[in-house]
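Asker: Now for the letters of each chain:
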Amino acid sequence: MGVRVSNQRTLAWWLVDRILRLLDAEEREAVRGDLAESCDSAAQALRSVFHLIMHRQSMLWQYPRPWLVLFLFVMPLGMLLSFASRSHAGPSSIYLWLVVNNANLSLLHNAGYWYTLLQIVPALLRSHPTRPMLSICHPTSSIGSEIGRTPSAQISLRRELPRSG
Amino acid sequence: MLGEFEYLLLTAAASLGDEAYGASIRRQIETATGRHCSIGALYITLDRMESKGLVKTWMGDPTPQRGGRSKRMVRVTPRGARAASSFYSAVRGVTRNVAWEFE
Numbered sequence: 004m005g006v007r008v009s010n011q012r013t014l015a016w017w018l019v020d021r022i023l024r025l026l027d028a029e030e031r032e033a034v035r036g037d038l039a040e041s042c043d044s045a046a047q048a049l050r051s052v053f054h055l056i057m058h059r060q061s062m063l064w065q066y067p068r069p070w071l072v073l074f075l076f077v078m079p080l081g082m083l084l085s086f087a088s089r090s091h092a093g094p095s096s097i098y099l100w101l102v103v104n105n106a107n108l109s110l111l112h113n114a115g116y117w118y119t120l121l122q123i124v125p126a127l128l129r130s131h132p133t134r135p136m137l138s139i140c141h142p143t144s145s146i147g148s149e150i151g152r153t154p155s156a157q158i159s160l161r162r163e164l165p166r167s168g
Numbered sequence: 016m017l018g019e020f021e022y023l024l025l026t027a028a029a030s031l032g033d034e035a036y037g038a039s040i041r042r043q044i045e046t047a048t049g050r051h052c053s054i055g056a057l058y059i060t061l062d063r064m065e066s067k068g069l070v071k072t073w074m075g076d077p078t079p080q081r082g083g084r085s086k087r088m089v090r091v092t093p094r095g096a097r098a099a100s101s102f103y104s105a106v107r108g109v110t111r112n113v114a115w116e117f118e
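Top to bottom, those sequences are chains A and B. Residue numbers for the first sequence, in this note's numbering: 4 to 168. Residue numbers for the second sequence, in this note's numbering: 16 to 118.
The shape of chain B in the complex, shown without the other chains (with noise of 0.2 Å):
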């Protein structure tokens, strides 16, 4: 069962599809949830998950935007997109009869 952390990554990662590298992973949980996210944290649960099989990193080209920098870039594995998809099922599942509301 994936964290909330690696299911953020990996849906942003799938969502970006091949832009997906550190800095627009990182915006893209950013703008979804509002809270700031940590480039080590990011890269930490990018090494653990890729251990797991859940993603596959590869260093692209320099690019000139960053100061010709290169950047890691990730792609979701079918393992990873299983996973998700797992974690996603199991959330709509339970919540299925539960209504959030705040007073």
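Okay, chain A solo, but in the shape it has when bound (with noise of 0.2 Å):
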């Protein structure tokens, strides 16, 4: 019973130390050393924590950047994606239950099974709607990975504080 508890709260602590890492470098500082400096059990610091970065990552959305993105890549892209994705289910889906649905261990050690399996997936990935949607694919993962490197690097969610003023 007592490990347990010992395990949760460990777990609540990593989880704060965690998100606290959503914090610019000073506030994350700042506001370690005030859980330091506290009596706060993991769960009321969790929670505090929680708020101040709900709240910061909300400030964002003040800005008139990440609506853009939202609107001019993040929609279209994933709505390409969705159809591009919907399309190539449908065949591909037959193929792959066929082996999947028919697989045994005997099976396995056929070299038939494994013949027409190699046949089967390169035929399914040169397919037709395979191509645009990996097309999509790497697109869209740039422009993510550009997205999540943004606001740290370019959006300032709180002036940077003088120091020892």
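These are calculated hints, taken from the structure and not from any lab test. There may be inaccurate statements among the hints.
As the list claims (entries may be wrong) - Label pairs and their in silico Cβ distance ranges: (1) G32(B) x M57(A): 31 to 37 Å; (2) K67(B) x Q11(A): 36 to 42 Å; (3) T92(B) x P69(A): 44 to 50 Å.
All C-beta atoms, glycine included, are put in the ideal place defined by N, C-alpha and C.
Assembly of the complex is requested from the two constituent chains, each provided in isolation within its own frame, with the hints serving as guidance.
Answerer: What follows is the structure, encoded as structure tokens:
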């Protein structure tokens, strides 16, 4: 029982530490120091920090850039990806079902099974809807990673505080 | 007009003087009110009050007591002092003829 409570506490403090990384470096240090001085329980600390993080993240949406990115890139690319996946899912699911549903131990030792599998998979990847889908996946992931890097690099949520004023 | 929590924060910061920073203000408010004061609420309110020019904050030097972590120091500006004084006068004024009694 005691070990379980201790594990939960450790997990909560680990979570606090992880979500604190969403704050900028100065504020993170100040909050960590304040938590170190306080007698807060792990749950209280988690609630407090979560509240602060949610507020900081919501502040991002006061700027036009996230909205522009959402409407110009994320939503159109997301819809394209969704249509491409749906058109691809129909034919490929039949072949995959045939391969997966019929697989058993004796079949896995059959060379013919593997031969057929090796024929089907490249054919699926070469099939008509796969290429546009893959061509969407690449820019989508690139834009996603750029968006992920943008807030901390270019959007300052809080002005930088002067040192020892 | 200040809110209740803003007034508490200003008063705590003013009473702590040069020792006013996140954790000490929090302790002061908790001692005075007997209620828990969350770090999130404190920092969000500090940001808002700083944007209104009621307080000034800056990062202090790291101290060994906090594992070498810096403090976010707070000072009440003249504008903040005027706002707190005005709030206090309003509370005193409106309370003048009221005796709070509980049965």
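Asker: Each of the hints needs a verdict: does it hold here or not?
Answerer: Do the hints match the structure? See the list:
With their beta carbons about 32 Å apart, G32(B) and M57(A) fall inside the hinted range of 31 to 37 Å. The beta-carbon spacing between K67(B) and Q11(A), approximately 40 Å, falls within the hinted interval of 36 to 42 Å. Taken as a hint, the range 44 to 50 Å is violated for the pair T92(B) and P69(A), whose Cβ atoms sit roughly 32 Å apart.
In summary, the structure is inconsistent with hint 3 from the numbered list given earlier, while agreeing with all the others.
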